[in-house]
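Enquirer: Chain by chain, the residues run as shown.
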Amino acid sequence: MRAGSAIAAVKRRSASRASRLYLFVLPATLLFVVFIAYPILWVAGQSLYVGTSAGAVFAGLANYTTVLGDPTFWTVVRNMFLWGVFTIPVQMLIGGVLAYFIERHTHALRGFFRTMFFLPVVTSVSVISLVWVQIYAPYYGIAQEYLKHVGIVMATSPIGDPKSAIYALIIVNIWQWTGFSMLMYIAGIANLPTEVLDAARIDGAKGWRLAVHVIVPMLAPATKSLLLLGVIGTLQTFPIVHLMTGGGPNRASEVFGTFIFKQSFVLGDTGSGAALSVIVLVIALALSLIQIAVLGARLTPAGRQRP
Amino acid sequence: MMPAARIKIRSMVIHAVLFIVLGFWMIPQIYMLSIGLRTPAQAFDAKLFTWPVTFDNFIIVIRDNPLGAIFLNSLIITVATVVIVVAVSSLFAFACAILRLKGSIFLYTTLLTTLMVPLASMVLPLAILLQNFGWVNTYIGLILPYAALGVPFAMVILKSFMEDAPHELFEAARVDGCNAWQTYWHVALPLVRPALVFVTIWQFIVTWNEFFLALIVLTKSEMKTLTIVPMQYSGLYMANPGALFAILTLIALPLILLYVLVQRAFVRGLLAGAVKG
Amino acid sequence: MATLTIDKITKAFGNTTVIPELSLTIEDGEFCVLVGPSGCGKSTLLRIIAGLEPISSGRILVDGVDMSGAEPPERGVAMVFQSYALYPHMDVGRNIGFGLKIARTPAAEIVERVGRAADKLRLGSYLKRKPRELSGGQRQRVAIGRAMTRKPKLFLLDEPLSNLDAALRVGMRVEIARLKSELASTMVYVTHDQVEAMTLADRIVVMNGGRIEQVGTPLELYHRPANLFVAGFIGSPAMNFLNGKVVAVHGLVATVALSWGPTLVIPIERHVEPGEIVTLGIRPEHVELAGEGQANAHVVQASMVELLGSDTFIYANEREESLVIRDSRGRIVRAGDRIAISLPARVCHLFNGDGDRISDAPAAYAEPVPLKERIN
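Chains as they are written, first to last, in my numbering: chain A, 95 to 401; chain B, 204 to 480; chain C, 11 to 386.
Calculated from the structure, these hints are not laboratory results. These figures come from a predicted structure and were not determined experimentally. Built from N, CA and C at the ideal position, the CB exists for glycine as well.
Short, incomplete list of chain B residues facing chain C, as computed with Cβ under 10 Å:
#, residue
1, Leu372
2, Ala375
3, Arg396
With a straight-line Cα cutoff of 27 Å, these simulated DSS-like cross-link-like pairs (lysine-lysine) come out:
#, chain 1, residue 1, chain 2, residue 2
4, C, Lys163, C, Lys18
5, C, Lys130, C, Lys140
6, A, Lys242, B, Lys250
7, C, Lys161, C, Lys111
8, A, Lys300, A, Lys318
9, C, Lys190, C, Lys111
10, C, Lys140, C, Lys161
11, A, Lys300, B, Lys211
12, B, Lys423, A, Lys356
To list a few chain A residues with every Cβ distance to chain B over 10 Å, as calculated:
#, residue
13, Ala156
14, Gly178
15, Pro256
16, Tyr261
17, Asn344
18, Ala346
Using the sequences plus the hints, can you model the full thing?
Expert: Printed below as a string of structure tokens:
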């Protein structure tokens with residue numbers, strides 16, 4: 095009897111203890127529900143209504159057909175594709191090469207190089223954008239002035255020409271974020287098991303062959319994560335475009351961010367803004383899930399593999 | 204075997220090439236500073252460097268603009284966000300990795316999808332939500348959404364770090380009489396310190412430089428942060444690039460200086476496996 | 011100081027049963043060693059006692075009070091972990107005093123008790139060091155100190171010496187033996203090393219496959235192993251096992267014919283039928299080297315000889331059977347020699363087909379003084 099009630103007391107105590115433990119997950123869950131889940135559901139619902147938030151009428155998929163019928167939408171899709179296709183591999187390549195040489199061939203200056211190449215990442219994107227506008231500027235910008243000497247003559251600012259605007263923006267983006275790829279690869283290279291590298295050297299691999307046949311494959315986790323982050327980052331693109339071209343000229347450099355911004359906040363068309371938001375969300379989820387399924391990529395920027 | 208002299212030459216060549224690449228890489232920053240140091244007469248010269256230099260622009264912009272107040276806005280929003288993200292994500296990671304609460308892995312996976320959501324698809328609903336809360340032009344209106352967006356990444360890193368910590372330590376804490384909160388505070392947090400530092404610095408950089416949501420939530424000029432003010436100065440100082448670039452330099456400087464100060468700890472966290480595949 | 015009663019506990023992880031059903035009582039002040047091969051459930055049992063692992067059924071009682079669902083501190087346990095589990099961010103003093111701090115002990119008392127433990131373990135000058143600045147043996151002592159300061163009723167040690175190198179291990183073993191006499195607390199000690207078990211234990215619990223094979227004093231296990239498993243596990247080098255068959259039984263004496271020839275007469279205490287297949291066990295140190303032509307001598311071929319100085323190990327073969335002989339008298343034997351040996355019946359163990367002991371206690375073995383009397 096006495097022992098029995100003692101057990102019951104212990105059980106009751108541990109049950110209340112256990113429920114109190116859920117306080118650990120409560121704050122994160124609340125933030126998620128209020129600021130992520132609810133907005134997403136709201137925007138999904140809103141995408142089915144036309145009109146302003148004051149007098150909205152249910153319209154089914156009308157917003158989607160409007161958006162998909164808008165030629166600007168297809169410009170955006172093309173721009174986003176170009177953005178991803180150029181930004182991601184070029185950043186990986188430059189970042190990877192820098193990481194390799196800094197990590198394996200410098201010692202005293204290693205920290206210096208790591209820091210300097212990473213500085214664009216920590217420089218405010220609005221500052222960067224205005225600086226690059228100045229660089230690209232006609233007449234007084236340094237780009238046209240110095241590129242003349244290597245035979246590249248620019249008649250106008252590259253961001254003022256509908257044909258070249260998106261590429262000019264891509265260059266800025268690559269410049270800003272290469273330091274991030276570099277740092278991810280540095281983490282990967284620094285954590286490579288030395289025994290494997292030693293074994294490769296005993297097998298006679300060195301220099302170029304060591305890099306290509308041993309190091310690059312072993313950095314696959316970092317590469318996969320950079321790919322995943324690159325795709326999501328591409329769909330996030332906004333400040334550089336908004337500040338440098340505003341999506342112009344003539345909507346030639348429009349991206350999802352600026353397009354949604356214009357529809358929702360400039361034109362006040364929340365219906366098509368919402369439909370666009372949902373489309374971007376679906377694209378992002380689909381691309382992420384495909385990568386996770388096909389490559390086994392993880393949603394972390396990746397350095398080394400779990401032992 | 205390579206003779207020592209050849210190794211030395213190769214190392215010098217690699218260093219020289221790295222310096223040249225870095226020189227090109229730094230052109231935008233150098234250019235920014237260079238324009239900021241020009242007299243109005245030189246401001247439109249299409250050159251990377253001009254001579255002589257003047258600090259007049261810096262003196263003018265510091266005198267004429269409430270940069271201190273703007274800086275303070277950035278600082279308040281960023282510090283509050285970082286504190287919330289670190290606290291909330293470490294609690295969550297502890298529940299998943301150490302307490303292994305029932306259902307916590309399901310929650311973890313759900314929260315993880317946040318990482319795949321582009322901000323572009325969130326700004327409209329967030330803007331309307333914040334309007335309904337009456338949080339436009341308030342600090343909290345940015346802090347909480349930033350925290351919600353920042354928690355998942357921090358949580359991934361802290362969870363994997365806690366999972367890598369020797370499990371016996373947490374059992375020792377239990378034997379020593381710690382309840383869950385005490386184990387979290389006295390054992391788990393100090394154990395994952397490199398990861399906490401990494402998460403703190405990264406969240407600081409991301410929040411400080413966030414542009415899209417700040418642009419939409421902060422419309423009153425006295426609430427604006429350092430990231431969104433350059434636009435208004437670009438209009439203000441259209442005819443005086445020297446002043447504009449002086450102010451841009453001042454805006455970029457705090458975070459650059461901060462990063463240079465903490466980069467060692469940041470990279471250490473990274474190398475210690477703060478991020479892994 | 012406490013009596014620990016384990017009452018019909020079972021433990022399963024999902025569908026895998028780790029401990030089928032187990033009962034054991036550990037007396038107040040006793041030093042009890044759980045020993046067995048890896049995976050035998052000894053560490054799980056210790057963690058169950060500690061309260062780190064919930065049980066599937068049964069009860070754990072400390073001094074008669076049911077503690078089955080209680081947290082470790084409520085049970086009054088302290089534990090030394092295999093990896094020491096020192097908090098890397100705390101210095102030695104804080105590591106030792108952490109449990110007291112959590113129990114809201116006044117600061118002055120913490121300092122005093124930490125100081126006392128540190129003195130006892132010769133850690134006084136290391137109190138401000140971090141664990142990573144200590145050697146393996148020092149870390150081990152910190153882990154013990156941390157457990158000591160709590161004045162535990164139950165002092166649990168999980169393979170505490172397994173991470174130390176051989177030389178240190180001997181030193182720490184002596185240290186733990188000293189601690190045992192000073193603390194006078196009930197101690198449960200898990201190890202896979204039978205030398206530790208033999209030297210430290212008041213009582214040894216031999217486990218295998220989640221079951222208890224035998225409980226007894228070290229000498230009991232050495233001289234009267236209850237079955238083939240215990241016989242093979244206790245003693246180094248391991249007991250020799252030879253196949254044989256009972257040819258005749260006369261009262262409490264059985265005549266056994268070994269498959270390689272010799273016939274022995276062994277005193278028995280359990281019934282056995284003539285014709286039964288049996289296993290005869292004899293420890294290497296009990297095999298005697300006999301003079302040529304001596305009565306009861308059997309000739310075997312020495313295939314390998316290891317000279318250790320104090321001892322000589324002779325690996326012998328004869329008709330599919332192999333035998334290890336440990337000679338301490340410095341006889342010179344070379345590989346390839348044919349040597350005469352004798353197997354004294356008084357030190358032979360006989361096991362039936364199920365592996366259970368049937369032979370009587372060897373004559374050399376005297377009943378030890380009961381535990382209680384030895385403590386008092």
